[in-house]
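Visitor: Assembly of the complex is requested from the two constituent chains, each provided in isolation within its own frame, with the hints serving as guidance.
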Amino acid sequence: MIVNFDNAATTWPKPPAVRLAVEKAVARCGSAGRGGHPLAARGSAVMYAAREAAAGLFGAAPEHVVLTMNCTHALNLAIQGIAAGGGHVLISDLEHNSVLRPVYAMAKAGRLRYSIVPVSPSDEETAAAFARAVRPDTRAVICTLCSNVTGQLLPWRAIGALCRERGLCFIADGAQVCGTRPVSLADGIHILCTAGHKGLYGITGTGLLVTDGQFPLPPLLHGGSGSASNLPEMPPFLPDALEAGTPAIIGAASLTAGIRFVQAHGMAHIFSHETALCEHLIERLRQIPSVRIYREAGAQYAPIVSFNIGEMSSEDAAAALAERGFCLRAGLHCAPLAHRKLGSGGTVRFSPSVFSRMEDTDRLADAVASLAART
Amino acid sequence: MICKAALPSETYAQKAQRTLAAHGYRAEIVRRTDRREGCSFLVRTAGDCERIHQLLIREGVPVRTVAMERDGP
Numbered sequence: 000m001i002v003n004f005d006n007a008a009t010t011w012p013k014p015p016a017v018r019l020a021v022e023k024a025v026a027r028c029g030s031a032g033r034g035g036h037p038l039a040a041r042g043s044a045v046m047y048a049a050r051e052a053a054a055g056l057f058g059a060a061p062e063h064v065v066l067t068m069n070c071t072h073a074l075n076l077a078i079q080g081i082a083a084g085g086g087h088v089l090i091s092d093l094e095h096n097s098v099l100r101p102v103y104a105m106a107k108a109g110r111l112r113y114s115i116v117p118v119s120p121s122d123e124e125t126a127a128a129f130a131r132a133v134r135p136d137t138r139a140v141i142c143t144l145c146s147n148v149t150g151q152l153l154p155w156r157a158i159g160a161l162c163r164e165r166g167l168c169f170i171a172d173g174a175q176v177c178g179t180r181p182v183s184l185a186d187g188i189h190i191l192c193t194a195g196h197k198g199l200y201g202i203t204g205t206g207l208l209v210t211d212g213q214f215p216l217p218p219l220l221h222g223g224s225g226s227a228s229n230l231p232e233m234p235p236f237l238p239d240a241l242e243a244g245t246p247a248i249i250g251a252a253s254l255t256a257g258i259r260f261v262q263a264h265g266m267a268h269i270f271s272h273e274t275a276l277c278e279h280l281i282e283r284l285r286q287i288p289s290v291r292i293y294r295e296a297g298a299q300y301a302p303i304v305s306f307n308i309g310e311m312s313s314e315d316a317a318a319a320l321a322e323r324g325f326c327l328r329a330g331l332h333c334a335p336l337a338h339r340k341l342g343s344g345g346t347v348r349f350s351p352s353v354f355s356r357m358e359d360t361d362r363l364a365d366a367v368a369s370l371a372a373r374t
Numbered sequence: 000m001i002c003k004a005a006l007p008s009e010t011y012a013q014k015a016q017r018t019l020a021a022h023g024y025r026a027e028i029v030r031r032t033d034r035r036e037g038c039s040f041l042v043r044t045a046g047d048c049e050r051i052h053q054l055l056i057r058e059g060v061p062v063r064t065v066a067m068e069r070d071g072p
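In order, the protein sequences belong to chains A and B. Here the first sequence stands for residues 0 to 374, numbered as in numbering that gives the first Met the number 0. Here the second sequence stands for residues 0 to 72, numbered as in numbering that gives the first Met the number 0.
Hints in this document: simulated from the structure, not taken from any laboratory. Check each hint, because a few of them may be wrong.
To be verified - Per the computed footprint, the stretches of chain B lying under chain A, defined by three or more beta-carbons under 8 Å from a beta-carbon of chain A, are:
#: 1; stretch: 4-11
#: 2; stretch: 37-45
Unchecked claim - If you anchor each label on the Cβ, the simulated ranges turn out as follows:
#: 3; chain 1: A; residue 1: G344; chain 2: B; residue 2: I56; range: 33 to 41 Å
#: 4; chain 1: A; residue 1: P117; chain 2: B; residue 2: H22; range: 30 to 38 Å
#: 5; chain 1: A; residue 1: A127; chain 2: B; residue 2: R34; range: 55 to 63 Å
#: 6; chain 1: A; residue 1: G265; chain 2: B; residue 2: R43; range: 38 to 46 Å
Since the structure is predicted, the reported quantities are computational estimates derived from the model, not experimental observations. For each residue, glycine too, the CB sits at the ideal point set by N, CA and C.
If we strip away everything but chain B, and leave its shape as in the complex, we get (with noise of 0.2 Å):
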């Protein structure tokens, strides 16, 4: 299962990235335009995406959405 994760800003997509790498994801940071926000980020790792949210959430990382790749963030 890939989770996406989606940031407002590259900052919060890279301490995204080290919070989850700590916790032993190994994610990526994959940049985005949608047509509301403009540019932000995403980080896509393989877990479960109820976790992840959590994880973050707890970590402080304002993360906006959360998704399963298929569902799109």
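Isolated chain A, as found in the complex (with noise of 0.2 Å):
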């Protein structure tokens, strides 16, 4: 039996809701927007059920919400976009390289400078960093909410209070909260950039683009819209400016589905289950005494745990898991700057689902037992 504790990389199983929209959207839609015969009626009429889906969840209008391919497609969209006049952002130090690498990229081609922020276990210290890292040329604020390391959430309403009050654009990795934590544009985030596959439980190939509009930006791809077709460049209005090409349709189905999936069960609820979970292994883990958690005191937490066995290398410990029918992800989880901080060449790292269950998370936490007196 398969016991996925992988899913900050991607929810597995999928809601049975999910597979159906998508097995539906499979049978019934044609192309979107690209014609006005029923199998593409049917496609925009699924593509519009996703935009107001998600704009009912974080806070937008329905035609500010642009479906990307996947959290890194939409956070190169805003960042690219945001480069595009130059100056200087600040990030994390605990970015995943969807945020690192973009802007490294802009400022290895002269077109950005960019500063880390040290993010501290304690809000206030992390938000007065912030503040103080800003510069008279700095025109954006670009971080995750939540560590997909560790876990650590950042103090992203005081980050969204202080980008208003200097003219700040905040673009907000929500990859690892969406789903678990209530985010919103009226947390004070201009470009809130997310997948559409993990806590939203939409199929791979899905990710959201969600803007206020206060920033506009430049497509990253030209191509067909469906819309405008004497222009010889992209429309100049949202969504069609940013989705160039034939839609995922497909995908859009499922997320909407997603999204009707965790609306019912209820995030808060979706919350105290995984967390629940996580404090379990942890209680379980520290009766190991080879075993390293990295949490801190005063940092809160979504519900991600990141672990090592005594010397046992972290993919090691997750090959020997995986042996028992655990998937955890172990390594850098591309997040070098999260690594470098913890000081750690890799860590095995826990997340569960809505869908995971208290008795599999004991027999995990038997299994690293087991591990562990072996080294």
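Guide: Put into structure tokens, the structure is as follows:
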């Protein structure tokens, strides 16, 4: 039996309603916005339903919801778009490569300057560090709302307030919190980027860029949009301006069903269920002397736990756990900045979903104990 | 009286259709191609054009033009 504790990468299994929505969309839909016939009309309705569902969840207008391939795609649209104007941006020292790499690439090309702001266990200290790092030429704060390595939550409402006060664009990476914590543009976020296939339970190949429209972004891709076709350039309005090519209608159908699933279960319920599993695992792991858990007193966490077993490499530990049927991710989690901060060369990451069970968490703790006994 | 409102995109046509439905209008989306813009969309519904225009503008739908059916958009 396979037990998935790697839901921070992508949630698995998907809810039955999501699987059904995919099957229905495959059977019923043609392209969207590319014709007036019934197959196209169904596709268009599916796309709009996804925009409406995401808009309702994040406090945006449906036309300001851009459907992307994944969170990285959304972040590239936002970061490269903001970088087009030059200047300086702030990122945190917990960023995933989906933020670090586009920022670094823009900086390397001489189009952007950036500073890395340290995140502290204290929300007040973190917010103060961001405030201190703002320079006269700073144009944006680009940061994750939650570390994908440790699960530490950043004080995004305080960062949002800072951005509003200083007139900065706040680009937020919500990949690890959307679906478990309430996130809204009303929190001061101008551009929210997130995955559709993690806490929102859509299929892989789905992502979202949700904007309040205050900071217009140029397109990354150019091509057909099904609108204003006589123009030699992308249409000047959202979402068409940022959605070139045939959209992922099947993915959009899955995302709508996933968001409805989250809303039906309640984010607070999902968060408390997953947090209970994390707390139970931590309690069990603390009884194993050679296990190191990467959590700090005073910090707030999403339901993610990183740990190591003695001197065993994280990859060896994850491989041994996989032999026992547990899927956990090891290594750097595409977040080298966070690991540098932790002083780790990699960790094993436990990330449950709403479908994860306490008895499986207990069995995982038993398996870790047995591995630790061998080291 | 049939009113036709021209919208720049499928997304706005969908938004217009839902906005009108929320106010009791049953509207259909019609795709069109015009010489100036290329592909665009209409919503077609029974009702007073001026009232429909005002409603859509108020709800944030960027209506390009409205016209009664016999006039064409």
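Visitor: Out of the numbered hints, which ones does the structure contradict?
Guide: 3, 4
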